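Peer 1: This is what each chain is made of:
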Amino acid sequence: MYAEKIISAALLAMVGVLYPMTLDFSDGSDVFPKFILVAMGILAMMLLVLSFRRNVPAEKSRAVGVKPYILLLTTTVYIFAISAVGFFTSTVIFLTATMHYLGIRAKTSYFIMVASLSAFYYFIFVRLLHVPLPQGLFY
Amino acid sequence: MELWLVVIAKLLSLPNMFVMVCGTLVGILVGALPGFQANMGVALLLPLTYAMEPDTALIALVSVYCSAIYGGSITAILFHTPGTTASAATAIEGYELTKQGHAATALRLATWCSCIGGMVGAFLLLFLAPPLSIISLLFGPAEYFWIAVFGLITIASISSGNLLVKGLLAGGLGLLFGTVGLDMDSGFSRYTLGWNDLDGGVSFVPAVIGLFALSQVLVMVEADPLKKWDSVVIQDKWKFWPSWAELSLVKSAIIRSLGIGLVIGVLPGAGADVSAWVCYNEAKRSSKHPENFGKGALDGIAAAEVGKNTECGGALIPLLTLGIPGSTTASILLGALIMHGLAPGRELFTKYAETTFTIIFGFILANLLMAVIGMYVSRYVAKLSGLNTGLLVPIIVTLAVVGSFSLGNSMIDVYTMLIFGVLGYFMRKYGFHPAALVLGLILGPMAEKGYRQSLVLSNDSLWHYFVSRPISVMIMVLIILTLTAPFIIEWWKHRRKLPPPPPIEAVSQDIS
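Chains as they are written, first to last, in this note's numbering: chain A, 259 to 397; chain B, 4 to 515.
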């Protein structure tokens, strides 16, 4: 219930920020965004009202822990590191770190995963599809 | 005749057959692994097909599509863990049969019923799509505007469960993202915040990879990453073909589900899981022995499998004729069509007839191959218990990153994938379905173009213009019915004092 209130408020704030921007749009290009924003504003208000009216006790949220957020953080660092240190270097580090964090302990798993995925990405994307994967400090 | 000879020759070419076999195998594995969905598999494969010929690329993708929808049934039957949400109904009956020592029977029936449903759906696509594409010539801006609105409302109502407003908000967000970039008429830059990279709008494929693949990975790690399945021993004798006795037991369920699956497939936005559940519930309602349902009813398995795989072919009909995807995976296929320079509509069946019919015949053959490969692979799926989340997660993330990058050789697409992945995760946590956002992203530009062209053609009497066109009026009526149907059904149930339906269990909330 609290989540829905917060989301409704956030959506209304978003509409409040984006709608004034449409006033600077050229004639014709402003029609559709304005229509969508007004509709979203009305829907967000409806969600807010419904969240107050629904007398359902707040659900006990599933204990998800921090794992998704840690993974999100490591993924973000990985993506930004690609431009700095190169795709393959950052991918090897990411694979190793993520597997370790998620509880994989067998050394052979690390070796097989890193070697096979790196080879797959190299042969399929670099050699076959000619995708210039970012090269950084190392490779 | 010459066209068919060319089509057969192209279909049987080495590249096409190779990608069909690989796509079928990959699709079955993708579908069988819980956490993977058909839409995720197709989205991750999409960048790999960029360098292929259009027919080869689309054959690979449709092979993955239909096989992944089937593949979820394998783990549903063996481990009561649907690989895809479309197999949740099969899990109910299939796992009961496994507990009774009849896993082989359940797998055999599920495989061949999927094949029957898939092939009938594919043949209906072959025979219905070309004449229906002629109707697309009657569609003008008004019709495209309303069909886009209809598609959005359908997916919003289906994906949002009891709270339609959340589905509509998700769809609205997708529409808003669709406005980012240079305006089609004036060239004015909307919501780009001064970044030239956004002038072309939000990249669709990285957004889809983020929404379905990356968000799913984040959902997967919420559970125990080292979870393994208990091994399953298949006790009954393994036979390749179903017996006539088995098929005659379920023939009514099959025939009924073929019709339902096709209708649901054609509806914009509805997916394989909707089709599977509707067919399952209808089989239970019409069964002479409804008390057997929940205890290993063969017609329950047959109905669900036929329904969901017929839906695949049905979903491609509005996609190829009108450019309206019949499911979220079909929406990714729309991205593939556009990526390869194929615009949905009449041209697909005239100017690009060779390519289109090669793809359709490839789809037919893929459904047959799915059954053959499925029968050989399914009993070995138990060995996949060694693959746990700790190994799958890094594979999916790195594949999502490299796939997003390879589309435009730009890190901007990777950042887009990341942003939409985060958005998709939180959307799923709080009951907003990413499928509605994706459809908004696709249909938004179509809806806006239709609306603005209608405004010009109507000389400012827009409403009069809309109601003067019969097809436009028909679609408006359908929209009103879609919006009001849940309330009418609830009122009717309340009036008849019917008991509420039992809760539907699902592994995740995705719509395939």
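Some hints here could point you the wrong way.
Said to hold, decoys possible - Rough simulated footprint, nothing fancy, chain B against chain A, three-plus residues with beta-carbon under 8 Å: (1) 260-272; (2) 281-288; (3) 302-309; (4) 337-346; (5) 357-370; (6) 385-393.
Stated by the list, open to error - Which residues of chain A face chain B? A partial, calculated answer using Cβ under 10 Å: (7) L276; (8) L295; (9) M298; (10) K325; (11) I328; (12) L330; (13) T332; (14) T334; (15) T349; (16) T354; (17) A377; (18) Y379; (19) F381.
Source of the hints: derived by calculation from the structure; they are not laboratory data.
Keep in mind the model is a prediction, meaning the values are calculated, not measured.
Beta carbons: idealized from backbone N, C-alpha and C, even for Gly.
Peer 1: Would you mind marking each hint as holding or not holding in the structure?
Peer 2: Do the hints match the structure? See the list:
For the segment 260-272 of chain A, the proposed coverage by chain B is satisfied: 4 residues have a C-beta within less than 8 Å of a C-beta in that chain, meeting the threshold of three. Counting residues of the segment 281-288 of chain A whose C-beta sits closer than 8 Å to any C-beta of chain B gives 5, which meets the bar of three, so the coverage hint holds. Given as covered by chain B, the segment 302-309 of chain A passes the check, having 4 residues with a CB less than 8 Å from a CB of that chain where 3 are the minimum. As drawn, the segment 337-346 of chain A meets chain B at 4 residues by the rule of a beta-carbon pair under 8 Å; at three or more, the given contact holds.
Residues of the segment 357-370 of chain A lying with their CB closer than 8 Å to a CB of chain B number 5, which satisfies the three-residue condition for coverage. Only when three residues or more bring their CB closer than 8 Å to a CB of chain B does the claim for the segment 385-393 of chain A stand; here the count is 7, and the claim holds. Of the supplied interface hints, the one on L276 of chain A holds, with its beta-carbon coming within about 7 Å of a beta-carbon of chain B, less than 10 Å. Hint status for L295 of chain A relative to chain B: holds, with the closest Cβ pair at about 7 Å, below 10 Å.
Taken as an interface hint, M298 of chain A checks out: its beta carbon lies about 4 Å from the nearest beta carbon of chain B, inside 10 Å. For K325 of chain A, the interface hint holds, the least distance from its beta-carbon to any beta-carbon of chain B being 5 Å, beneath 10 Å. Taking 10 Å as the C-beta contact cut-off toward chain B, the hint placing I328 of chain A at the interface holds, the least distance being around 8 Å. With its C-beta approaching chain B no nearer than about 6 Å, L330 of chain A sits inside the 10 Å limit, and its interface hint holds.
Satisfaction of the interface hint for T332 of chain A is found here, the shortest Cβ-Cβ separation to chain B being roughly 9 Å, below the 10 Å cut-off. The interface hint given for T334 of chain A holds, since its Cβ lies 6 Å from the closest Cβ of chain B, which is under the 10 Å cut-off. Checking T349 of chain A against chain B by beta carbon gives a least distance of about 5 Å; that is within 10 Å, so the hint holds. Of the supplied interface hints, the one on T354 of chain A holds, with its beta-carbon coming within about 9 Å of a beta-carbon of chain B, less than 10 Å.
The closest approach between the C-beta of A377 of chain A and any C-beta of chain B is roughly 13 Å, which is over the 10 Å cut-off, so the hint fails. The criterion of a C-beta within 10 Å of any C-beta in chain B is met by Y379 of chain A, whose closest approach is roughly 6 Å, and the hint holds. Below 10 Å, beta-carbon pairs count as interface contacts, and F381 of chain A has none with chain B, the closest being about 12 Å; its hint is therefore violated.
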